[in-house]
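Trainee: Protein chains in written order, with this note's numbering: chain A, 1 to 247; chain B, 1001 to 1255.
Hints in this document: simulated from the structure, not taken from any laboratory.
A virtual CB, placed ideally from N, CA and C, is assigned to each residue, including glycine.
Possibly wrong hints are sitting among the right ones.
[Unchecked claim] One side of the interface only, derived from the structure: several residues of chain A facing chain B at Cβ under 8 angstroms:
{"#": "1", "residue": "Trp18"}
{"#": "2", "residue": "Ser150"}
{"#": "3", "residue": "Gly152"}
{"#": "4", "residue": "Gln238"}
[Said to hold, decoys possible] Derived BS3-like pairs (lysine-lysine); straight-line CA-CA distance at most 25 angstroms:
{"#": "5", "chain 1": "B", "residue 1": "Lys1189", "chain 2": "A", "residue 2": "Lys239"}
{"#": "6", "chain 1": "A", "residue 1": "Lys244", "chain 2": "A", "residue 2": "Lys3"}
{"#": "7", "chain 1": "B", "residue 1": "Lys1207", "chain 2": "B", "residue 2": "Lys1189"}
{"#": "8", "chain 1": "B", "residue 1": "Lys1189", "chain 2": "A", "residue 2": "Lys242"}
{"#": "9", "chain 1": "A", "residue 1": "Lys99", "chain 2": "A", "residue 2": "Lys195"}
{"#": "10", "chain 1": "B", "residue 1": "Lys1005", "chain 2": "B", "residue 2": "Lys1208"}
{"#": "11", "chain 1": "B", "residue 1": "Lys1134", "chain 2": "B", "residue 2": "Lys1005"}
{"#": "12", "chain 1": "B", "residue 1": "Lys1134", "chain 2": "A", "residue 2": "Lys244"}
{"#": "13", "chain 1": "A", "residue 1": "Lys3", "chain 2": "A", "residue 2": "Lys242"}
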Amino acid sequence: MMKRRDVFLAALVLLSVWQIVAMLVNLPILPDPYKVFSVFVRELQNGLPNHFVFSLWRVSAGMTLSVLAAVPVGLAIGGSKAWNRIFSPLIYLLYPIPKVVFVPVVILFLGIGDMAKIAIMFLILFFQIAVLVRDQAAGLPPQLIQSLHSLGAGRRALFRFVYLPASLPAILTALRQSIGTAVAVLYITELSATKYGLGYYIYYNGSTLLDYPAMYAGVVAMSLLGLGLYFSVDWLEQKWCKWKFVT
Amino acid sequence: MIELKSVTFGYPHASPLFEDFSLTISRGEMWAVLGPSGCGKTTLLYLLAGLRQPGSGQLSIAGEILTRPRPRSGLILQDYGLLPWSTVQANVELGLRVRDFYGEDGKHTPVDFQPGNNVAYWLERLGIAEVADKFPSQISGGQRQRAAIARTLALEPDLLLMDEPFSSLDAITRGDLQNLTLNLCREQKLTLVMVTHAIEEAVGLGKKVLLLGRAPNQAARIFENPDVGQSGFRGSPASHELCDLLWREMHDETA
């Protein structure tokens, strides 16, 4: 859990480094933070929020779908030795394949709309979340399970009262770890076949218009998107996993 | 109350822990199960809890053959019994919530179970009401074990199964909780089977002490301890004598 004050200080340090490097390099391709900030403010009235919302929708949809699909799968595999034996080798084989190479295949199948972009994020995040949740569920102390069994809990109650709450921190950790990947994949998927989204905005300003300050404004917006998602996961963790923060 | 008839049990790829083992425990009796590590104490408790099934023979409780955990049996373990993500109050309520989850099906919940919230009573009775809003990591080992006992008693069991419940506690807390267990068992007319590796604990709590030895256990070796619970029994010559006897028997067994 990151303290906001620390994040603010780190941002100050990064901005200072950026300013110094920009002064040293002194080229249009690296404008200083003040220039980027003023363009960022200008672009806020010029369509940037629209691109932000498109990206936010795609990344949120991809992450939500991944959680909804991967959590039950991870819990089911982690909570059952038989299922673990059957499905873990499958995951073992599929997990290390870099899913981003399937971008052309997914576009071929799902077309060039949002569906393909969300599906690619889903493919990548699904395995990360499922594996973490599976490991968490499989690693629960057997005594805890026995003790719940003895209170009359069958399989359904065990999932409701033990496996799901025990896996919540793992789900949130998986989400936190996935945010970086999700935003990177978002950028790649938005490079083509769309006119909306921060990925398109950055690429279009940087490569076509050569408007570097606007390009950096897009990079800042994408960073804010990632940071916002990070803070959202932190907030959820504080709300749902209070026991982790008590002393 | 509990009847084991010619029970044989062993884990896969290991020699049996029990072979043709028979034992009868009457209603309201307090038993301690004693023995060296690996003799099958905890396994016996898991058999009684319905968490393991005998390979052959028959195990029945209150006239019914046991094939799964029985709603009227309460199991208390040394550790890990409480959910770390739930407060003490939520942990004590857990068994009732599980029953509520299934409804009165006779399988997970006794058919004659009267749903009523006695959680506040047990929190108070066990002296943990003031830590009801705390998480298990915030309270002492003794309080955690009290919460585990409260959670079990809230389900109104008739049989209490305890697996080395006090072994990680300091001597004073252990003594307090032993006395509390004795009083609660008498007050609630509970049958108690408690596994321990500590001879003094077995003698301090068990009206009968079952001594297990090197596997496979065949004949039940039972030591009567009729004066347990009477004032002044702890530390009396009679208790010392039984402790000595059990120590010699265990020593011979492991020598």
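Trainee: Hint by hint, say whether it matches the structure.
Mentor: How the hints compare with the structure:
At its closest, the beta carbon of Trp18/A sits 42 angstroms from a beta carbon of chain B; the interface hint therefore is violated under the 8 angstroms criterion. Taking 8 angstroms as the C-beta cut-off, the interface hint given for Ser150/A holds, the closest approach to chain B being about 4 angstroms. With a cut of 8 angstroms, the hint placing Gly152/A at the interface with chain B holds, because the nearest CB-to-CB distance is about 4 angstroms. With its C-beta approaching chain B no nearer than about 13 angstroms, Gln238/A sits outside the 8 angstroms limit, and its interface hint is violated.
For the proposed pair Lys1189/B and Lys239/A, the alpha carbon gap of about 42 angstroms is over 25 angstroms, so the pair is violated. Distance check on the hinted pair: Lys244/A and Lys3/A sit about 15 angstroms apart at the alpha-carbon level, within 25 angstroms; holds. The straight-line distance between the Cα atoms of Lys1207/B and Lys1189/B is roughly 14 angstroms, inside the 25 angstroms bound, and the hint therefore holds. For the hint linking Lys1189/B to Lys242/A, the alpha-carbon distance of about 38 angstroms lies beyond 25 angstroms, and the restraint is violated.
Taken as a hint, the Lys99/A and Lys195/A pair is honoured in the structure, with Cα atoms around 24 angstroms apart against an allowance of 25 angstroms. For the proposed pair Lys1005/B and Lys1208/B, the alpha carbon gap of about 19 angstroms is at most 25 angstroms, so the pair holds. A C-alpha spacing of about 45 angstroms is found between Lys1134/B and Lys1005/B, which places the hinted pair above 25 angstroms, so the restraint is violated. About 12 angstroms separates the Cα atoms of Lys1134/B and Lys244/A, which keeps this hinted pair within 25 angstroms; it holds.
For a cut-off of 25 angstroms, the pair hint linking Lys3/A to Lys242/A stands: about 16 angstroms separates their Cα positions.
This entry does not satisfy hints 1, 4, 5, 8, 11, going by the numbered hints stated previously.
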